[in-house]
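Engineer: Read off the chains here:
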Amino acid sequence: MLHTFIAYVEDKPGVLTRVASLFRRLNINIHSLTVGHSEREEQSRMTMVCEASAEAAHRIRASLYKLEDVVDVDDIAQAPSVTRELALIKVAATPHTRSQIFELVEVFRARIVDLASESMIIEMTGVESKIEGLIQILSESDGRILEICRSGKMTMRAAEDDQSETGDDPEESFQ
Amino acid sequence: MATNANAQASNIDLTTPARLTGAEIMWATLAGEGVTQVFGYPGGAILPVYDALRKFPNIHHTLVRHEQGAAHAADGYSRASGKVGVCIATSGPGATNLVTGIANAMLDSIPMVCITGNVSSKVLGTDAFQEVDITGITLPVTKHNFLITHAEDIAPAIRYAFQIAKSARPGPVLVDITKDAQQATAIFDFEAAKPRPVRLHPMRKVEEADLAKAAELIRNAKRPVILAGHGIIESGAEEAVRTLAERTQIPVALTLLGLGAFPASHPLSLGLMGMHGESWVNHAIQEADLLIACGMRFDDRVTGTTLTYATNAKKIHIEVDPSEINKNINVDIPLTGDLREVLELLLPRIPSHDGAAWLKTINDSKGASAVRDIKNLPDDGHLYAAQVINDIWRITKGNAIVVTDVGQHQMWAAQYYHHEQPRTLITSGGLGTMGFALPAAIGAKTACPEKEVWVIAGDGGFQMTSSELCTIAQEKIKINIAIINNGFLGMVRQWQEFFYDRNYEATPLLSPDFVKLAAAHGIEGVAVHTRAEVASAIEQARSAPGAFLLNFMVEQEDSVYPMIPVGSALHEMIRRPGRSPLVQSPEDE
Chain L
1 MLHTFIAYVE
11 DKPGVLTRVA
21 SLFRRLNINI
31 HSLTVGHSER
41 EEQSRMTMVC
51 EASAEAAHRI
61 RASLYKLEDV
71 VDVDDIAQAP
81 SVTRELALIK
91 VAATPHTRSQ
101 IFELVEVFRA
111 RIVDLASESM
121 IIEMTGVESK
131 IEGLIQILSE
141 SDGRILEICR
151 SGKMTMRAAE
161 DDQSETGDDP
171 EESFQ
Chain S
1 MATNANAQAS
11 NIDLTTPARL
21 TGAEIMWATL
31 AGEGVTQVFG
41 YPGGAILPVY
51 DALRKFPNIH
61 HTLVRHEQGA
71 AHAADGYSRA
81 SGKVGVCIAT
91 SGPGATNLVT
101 GIANAMLDSI
111 PMVCITGNVS
121 SKVLGTDAFQ
131 EVDITGITLP
141 VTKHNFLITH
151 AEDIAPAIRY
161 AFQIAKSARP
171 GPVLVDITKD
181 AQQATAIFDF
191 EAAKPRPVRL
201 HPMRKVEEAD
211 LAKAAELIRN
221 AKRPVILAGH
231 GIIESGAEEA
241 VRTLAERTQI
251 PVALTLLGLG
261 AFPASHPLSL
271 GLMGMHGESW
281 VNHAIQEADL
291 LIACGMRFDD
301 RVTGTTLTYA
311 TNAKKIHIEV
321 DPSEINKNIN
331 VDIPLTGDLR
341 EVLELLLPRI
351 PSHDGAAWLK
361 TINDSKGASA
371 VRDIKNLPDD
381 GHLYAAQVIN
391 DIWRITKGNA
401 IVVTDVGQHQ
411 MWAAQYYHHE
421 QPRTLITSGG
431 LGTMGFALPA
441 AIGAKTACPE
451 KEVWVIAGDG
461 GFQMTSSELC
471 TIAQEKIKIN
481 IAIINNGFLG
491 MVRQWQEFFY
501 DRNYEATPLL
511 SPDFVKLAAA
521 HGIEGVAVHT
531 RAEVASAIEQ
541 ARSAPGAFLL
551 NFMVEQEDSV
561 YPMIPVGSAL
571 HEMIRRPGRS
581 PLVQSPEDE
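Chains as they are written, first to last, in the numbering used here: chain L, 1 to 175; chain S, 1 to 589.
These aren't lab readings, by the way, just hints derived from the structure by calculation. Some hints here could point you the wrong way.
As the list claims (entries may be wrong) - Under the rule of at most 30 Å between Cα atoms (straight-line distance), these lysine-lysine pairs were calculated in the BS3-like manner: (1) K476(S) <-> K66(L); (2) K66(L) <-> K213(S); (3) K213(S) <-> K12(L); (4) K66(L) <-> K222(S); (5) K66(L) <-> K327(S); (6) K122(S) <-> K12(L); (7) K12(L) <-> K314(S); (8) K166(S) <-> K66(L); (9) K205(S) <-> K12(L); (10) K66(L) <-> K314(S); (11) K360(S) <-> K66(L).
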């Protein structure tokens, strides 16, 4: 089962290694990992996604807490939550082929953030399936994908009584 | 305040902040933490620290012959005294030589602070001479580690290291200090360097409902067994466990590292469980309807295959480390917290109980085991390790600190030296580190100079760290050394005999004349060949003023019985054949 661990860690050199090393030691592949500043001073927030049994997930959480630099750990398994990923996709596009890509970008509620004579960069935020949908359609279109950069998942627990997200993308709820 | 008095004797006052070098700060912080003994080996990147040592006359430094010895000595010091052991090494090879000893302490949850020097911060990461990324290397084998590049960070890091090493489930912490940080100066303020309060593991919890359920299980159990582990000693829960056992008449089986946590002579003591535990101990566990695991982790050497482990038993697991819950064996009631504290919550709910029927069942199951016991066999002209260790136990009246190496002799020591007190068996359990005994005994004797200390080692493991004989000579330490010399790497040979068609590849072992080796270090010794000589040789060693080495030339192809092969169930053991003390063929009864 897919587990998403949220960890608040002290913002110090080597923290990432300590956290990642714990997964390595259990021979668990990290699907995605994001780190960035949080609302807490001098603490970073990590989102780690991995495949693990319930027992392994318990052990990961318990072991993460044993790391001195780890302050808080949450395991979001099936709990209500909001997950997003950011993708930058550079596609080959000439003035002839641009319009088709513009349409796709519109449908997917993505944005063009860089436009050059031979290529353009699309920025897209959404759930994993939607980003993969755009990539799939782009690869079937005339434009050739030159580069893909994905942030990995960022997850936040939703309030327990929350029925739907209030974003501009209601269809992305409950992912 | 003993710690303040100690530091003041070193002319450095802990109460008034003062400007010191990083090296001085390191020693002053150690003194403030109550350290009076360190084990180490100098080198380039730690020289400023050694240069400052003379300003701290209350700290004794023992020079080992290899840094692994320093780590094991600090480990043995900690196990014997309950204090935090401290070892010091230089950068590069000095630091990497510590690693085995650090891993050993990690697996056995021994509180240690390891200090290494490193190259100057200006050249960190440049492959400078004797530079190694020791914080990277030791990351998986320490509770935590620090890379310190500024003098002002030394005191907080060391104080924090002591707190981490001692708190919750203890373990080793490494503090790597660059040379420029040792040389620079900073204001030393011991009080200000105090770490934040210990952050309790948030998953540590003892639910009221679980306590009630545990108490009910204990009250209603017909065939309960207490599994007594190392956590009893770390938590200081010996009395609480004894109260629980006596009040409910529940028998107590012990892990290797638990030996001594419950008196061997106690009528409720079953003895060692697991791979080389006696048959009635393992049968009792397999037939139990309730296991109360106290400060143990269901190690594979204790459970055999987990598929058939005590399948009819409910399991209560009292353990300080939440990551151990359901790791190896799924339990019914986890009580995650300090063992002594949990037992103090549990005991008021447990009434007296009569366990006579269950104890009689266990006692009856001993059957022919005593007859098989090798120490009960008539003298057939051969010398057996079990007899030697039994005699050491008898003559020392079970009062010695026994420090073992790893292998057959270790298991025989666990079976035949009966420990009444905690911290009297010092042995490498989790990592199984050959070469542990001699340096660990140096640490143990240094911690407890008034105690009689015996090394029991094999001829293989002894040679791994025998250079520490000279440390014993230089320090004038009185240790008695019993080498169980069978000319083989005995435990490996035993496995080859049982599981590899007696293909004794790379296990026959040539050894130096250990008595002459001892003599070369100015240490007395004798070789012992027959059973008749054993007792007088042991007495001779004990009465000698200095260290003494006994080279027991024992039967070469003896094996440790019973034995549960890896992957077998706890009750499927290979037994010592009844008809002969020597194995003709392994039998699985």
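Engineer: Of all the hints given earlier, name the ones this structure violates by number, lowest first.
Structural biologist: 1, 3, 4, 7 and 11
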